[in-house]
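Visitor: Guided by the hints, dock chain F onto chain Y, whose structure is given.
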Amino acid sequence: MILSFTFTKSAYCQISLDYFGNAYSKFNSRFRLNSLESNISNYNLTNDMELATTFSSEYNGGLNSSIYSISISKRINSHYFYVRYSPGISQQFIIKSGMNIQLPDSVAQLKTKLNYEEKFGMGYAFNFSQFFSLGFSLRYFSQEFTEEKPVLFYTDSVNYISVKDEIAKSNFWVGDIGLTFLPHPDFMISIFSNNLFLSEESKQNYLTDIYSLKRNKGITTKLFISPFEQFNISAGYETYGSYYTGFNFSTKLFRGFLTIGSLIFHDRYQKPFIAGFIPSLNYSTNFFSITLSGVKYFSNRSKVQSIDDMIKYGIHSISNNSYSNDKVFLTINFSLSLTREKQIKLIDVDIKDDIYPTLNDIFIHKPFAIGKVVNLTNKIIEVRPSCLIQKVNDEIVYSPNVKLLPYDTVEVPYYIFINNSLITKREISQAEFFVSVDDLEPDDKIQKPILINDKNSWDGSVSNLVYFVRSDFEFSSKYSKNILQSFKNYLDTINYELLIFNQVKILFENFIKEMNYVADPRASVEHVQFPNETIKLKGGDCDDLSVCFASLLESIGIQTAFVDYKNPDGISHVNLLINTNLSPSRMNLITNNDSKIVIRKNTDGKDEIWIPIETTCLKDFDTAWNLAAEKFNKEAIEEYGLSNGKVTIIDIY
Amino acid sequence: MKKIFLIFISITSIYAQSFVVEKVSGNVQALIGLNEEWTKVKVGQLLKGSDLISTGEKSLVQLNNNGVRFILQSNSALNINNIKRLSLNELLLALAMEEIRNVPKIKEDNSRRNTAVYGEKVESVTGDKSIFNDLGVKKLNGAKQLAINGYKESAILLAKETYRKYPDTKTRIDDRLFFVNLMIELHLLNEASSELNELKKMKLTKDQNEKVEHCFEIINEEMLKNN
Numbered sequence: 000m001i002l003s004f005t006f007t008k009s010a011y012c013q014i015s016l017d018y019f020g021n022a023y024s025k026f027n028s029r030f031r032l033n034s035l036e037s038n039i040s041n042y043n044l045t046n047d048m049e050l051a052t053t054f055s056s057e058y059n060g061g062l063n064s065s066i067y068s069i070s071i072s073k074r075i076n077s078h079y080f081y082v083r084y085s086p087g088i089s090q091q092f093i094i095k096s097g098m099n100i101q102l103p104d105s106v107a108q109l110k111t112k113l114n115y116e117e118k119f120g121m122g123y124a125f126n127f128s129q130f131f132s133l134g135f136s137l138r139y140f141s142q143e144f145t146e147e148k149p150v151l152f153y154t155d156s157v158n159y160i161s162v163k164d165e166i167a168k169s170n171f172w173v174g175d176i177g178l179t180f181l182p183h184p185d186f187m188i189s190i191f192s193n194n195l196f197l198s199e200e201s202k203q204n205y206l207t208d209i210y211s212l213k214r215n216k217g218i219t220t221k222l223f224i225s226p227f228e229q230f231n232i233s234a235g236y237e238t239y240g241s242y243y244t245g246f247n248f249s250t251k252l253f254r255g256f257l258t259i260g261s262l263i264f265h266d267r268y269q270k271p272f273i274a275g276f277i278p279s280l281n282y283s284t285n286f287f288s289i290t291l292s293g294v295k296y297f298s299n300r301s302k303v304q305s306i307d308d309m310i311k312y313g314i315h316s317i318s319n320n321s322y323s324n325d326k327v328f329l330t331i332n333f334s335l336s337l338t339r340e341k342q343i344k345l346i347d348v349d350i351k352d353d354i355y356p357t358l359n360d361i362f363i364h365k366p367f368a369i370g371k372v373v374n375l376t377n378k379i380i381e382v383r384p385s386c387l388i389q390k391v392n393d394e395i396v397y398s399p400n401v402k403l404l405p406y407d408t409v410e411v412p413y414y415i416f417i418n419n420s421l422i423t424k425r426e427i428s429q430a431e432f433f434v435s436v437d438d439l440e441p442d443d444k445i446q447k448p449i450l451i452n453d454k455n456s457w458d459g460s461v462s463n464l465v466y467f468v469r470s471d472f473e474f475s476s477k478y479s480k481n482i483l484q485s486f487k488n489y490l491d492t493i494n495y496e497l498l499i500f501n502q503v504k505i506l507f508e509n510f511i512k513e514m515n516y517v518a519d520p521r522a523s524v525e526h527v528q529f530p531n532e533t534i535k536l537k538g539g540d541c542d543d544l545s546v547c548f549a550s551l552l553e554s555i556g557i558q559t560a561f562v563d564y565k566n567p568d569g570i571s572h573v574n575l576l577i578n579t580n581l582s583p584s585r586m587n588l589i590t591n592n593d594s595k596i597v598i599r600k601n602t603d604g605k606d607e608i609w610i611p612i613e614t615t616c617l618k619d620f621d622t623a624w625n626l627a628a629e630k631f632n633k634e635a636i637e638e639y640g641l642s643n644g645k646v647t648i649i650d651i652y
Numbered sequence: 000m001k002k003i004f005l006i007f008i009s010i011t012s013i014y015a016q017s018f019v020v021e022k023v024s025g026n027v028q029a030l031i032g033l034n035e036e037w038t039k040v041k042v043g044q045l046l047k048g049s050d051l052i053s054t055g056e057k058s059l060v061q062l063n064n065n066g067v068r069f070i071l072q073s074n075s076a077l078n079i080n081n082i083k084r085l086s087l088n089e090l091l092l093a094l095a096m097e098e099i100r101n102v103p104k105i106k107e108d109n110s111r112r113n114t115a116v117y118g119e120k121v122e123s124v125t126g127d128k129s130i131f132n133d134l135g136v137k138k139l140n141g142a143k144q145l146a147i148n149g150y151k152e153s154a155i156l157l158a159k160e161t162y163r164k165y166p167d168t169k170t171r172i173d174d175r176l177f178f179v180n181l182m183i184e185l186h187l188l189n190e191a192s193s194e195l196n197e198l199k200k201m202k203l204t205k206d207q208n209e210k211v212e213h214c215f216e217i218i219n220e221e222m223l224k225n226n
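Read top to bottom, the protein sequences are chains Y and F.
Per numbering that gives the first Met the number 0, the first sequence starts with residue 0, numbered consecutively.
Per numbering that gives the first Met the number 0, the second sequence starts with residue 0, numbered consecutively.
No wet-lab data here; the hints were simulated from the structure.
Beta carbons: idealized from backbone N, C-alpha and C, even for Gly.
Below are the DSS-like pairs computed for lysine-lysine, each with C-alpha atoms no more than 30 angstroms apart in a straight line: (1) F/K143 / Y/K630; (2) F/K143 / Y/K633; (3) Y/K605 / F/K143; (4) F/K169 / Y/K630; (5) F/K202 / Y/K600; (6) F/K47 / Y/K630; (7) Y/K630 / F/K159; (8) F/K143 / Y/K600; (9) F/K159 / Y/K633; (10) Y/K645 / F/K47; (11) F/K159 / Y/K605; (12) F/K169 / Y/K633.
Some chain Y residues judged to face chain F by a derived CB distance under 8 angstroms, without partners named: (13) P583; (14) T602; (15) D650.
The shape of chain Y in the complex, shown without the other chains:
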């Protein structure tokens, strides 16, 4: 029996192919350039919401254009949802039996109409990590088969033949699952089922037995490899013997990327061996993507074919079968996201240090917090960390840029500049940490509580006492100069080599006159007075007195250094070394006892005499010198304190 078919509508190609062909690349990955046929696991990098519409056009005696599918997708964190309405995925066959029936007023040729439709589909995916995604798809199919049958009517007067329609409907759901694995940004593999779950809504009859879509179970594997930055290869294999391979090439064009791709496929149920190919042309920007693609079959689709083959092999895909025509597709994807696409994610921020307002300079050179950032894209990007701490900054403080490789996770440092160094109250504030890729809105942010200490708080590191020394130079300079002014006559007459030594001696004797040793209040944080506060309060502990006296000297150009004596019991002590600027050969000008001096090479390599001074000794200069020398000789020299780290000399620059 020879039958002829007439196609009223038809669609695209084989079961795991879709109309985009090979349009997907790293440069347009923010759009879904595939559909439920080739991406059962629904892996996608859509940022927020996306709308896609596809128009199809095919020539089957006349040009036939229609809306092929409309889809909308939405990402919520790691969840991705996809819905597709597909009026264009349908195919109708009219099978003429060749049998003519003489009706009372005409001749009728008996026909069988087969109507296949995929009404809609939906998908879901969950991104477990940047490397792994799992998802499923559900599609709803509708089939209607109408067979015209001759029926004999017997009446009293006449018997005649009429035509009656035998209608069989068969609707069903197909569910599949799939996974996508990306061990590397340039390599992706997807594995998914074909026709895994089936749910029939209608009863079977002989028509459905003959004509229903074949739903063989199988597995499809897809590979995506990017051997070069702009060149991609893809391939797919279906376990029931169909496969395809293709490539594409991307190049930057205006503000977007142009991708040209091609794909050839072998279909077990179609001839010739390479059944056809799908060329594709895509242009994508940040906001939209346009794809022009088409299917060209290599066999002659207009010839009359045997119904026996159709019944024998069946229809496996509505859109791609031996009877499908060449088609052209135009797809437009719109990014509906009102927010910027997130290119980086700030995973966490580790606050390393509390904020000490007086130690401002430290925070400029040393990060107070470290953030962990992941690059969500397949590109190398530069991240700009920034932060804002309430009550500390008036505006956002930017830290240096950090480069991130595709999908890489790195630590980014956060620096801070303290605008308000006169914070008088210790309290918890909120620090906002940002990461951004360009100058627009930050891509991500995290808020964390942070302890803001008051201006007198100190982190316990003697090297940081220098900030307290420097902070009051104006006051200290005035104070020192006032005292020295009253000794002008004496200082004018002494040997110029001894000027500094005598200035130190005069300043110390005057400094200690009104001072008392007062220990820090019991508190969880160290407290250091500014020089003007120590003078005003007339006392302090070793930190306060050393800071104050160092400031008085440094403010008039006399070089000093802290000597930090660390004790295993945690109670440390600090006093001073003071540069007399005397050369060792002039030691006899100030002492007969060489145990009282410390020789230090200056930055020019010249030896100079430094003297230790115990600032908590409030008796007189010589006693303070002797006490400090004794401590230095014992702990720094004899006990090798300088070598084993128990004693440290910290120069105040």
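Guide: Frame of chain Y, contents of chain F only:
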């Protein structure tokens, strides 16, 4: 762990460093602790770590620390805590401290230092410089005696300290060569080399020059052996 324990014992022994004066001959003086005035040393006197003793012409002093005797010959000086046995590690630690205590070099300009002195120089030197130079020379003599008595590490340390505190003693080339040889003996080749390089820059006699070159040869040989 064992090493740490040994150092601890050694340090402990420093604290206990004290000598009784057994014999005094001629002019022997001491600077006790951090005092500025020299006092005469008497037999039976207990001298402690930081005390400095000094002998004059044709003088000597004999010290005893639990049977360990040390005689300081004429024209010599040393601190009591110089008379101690140091391990090579302790010597290296002490030498390292010389560098640690220096003012670190900074990259940015430190033009902030404005210690220029205006006005006329007033020459009113107090103190007798020659006495000081004498003390430096005496300390070098003391260091030599330490070396001769087996306290080689302490001798090097004292010599280095003396050269820094009494820079005029650096011109005593023969003394410096003595300590260079001592350094070579203790395999302190870098230190010895550094000393020799400094010596080469000075005005040397033919004999001294030959000695310097000889020392360099020995150092080179030792270094080759070590490699």
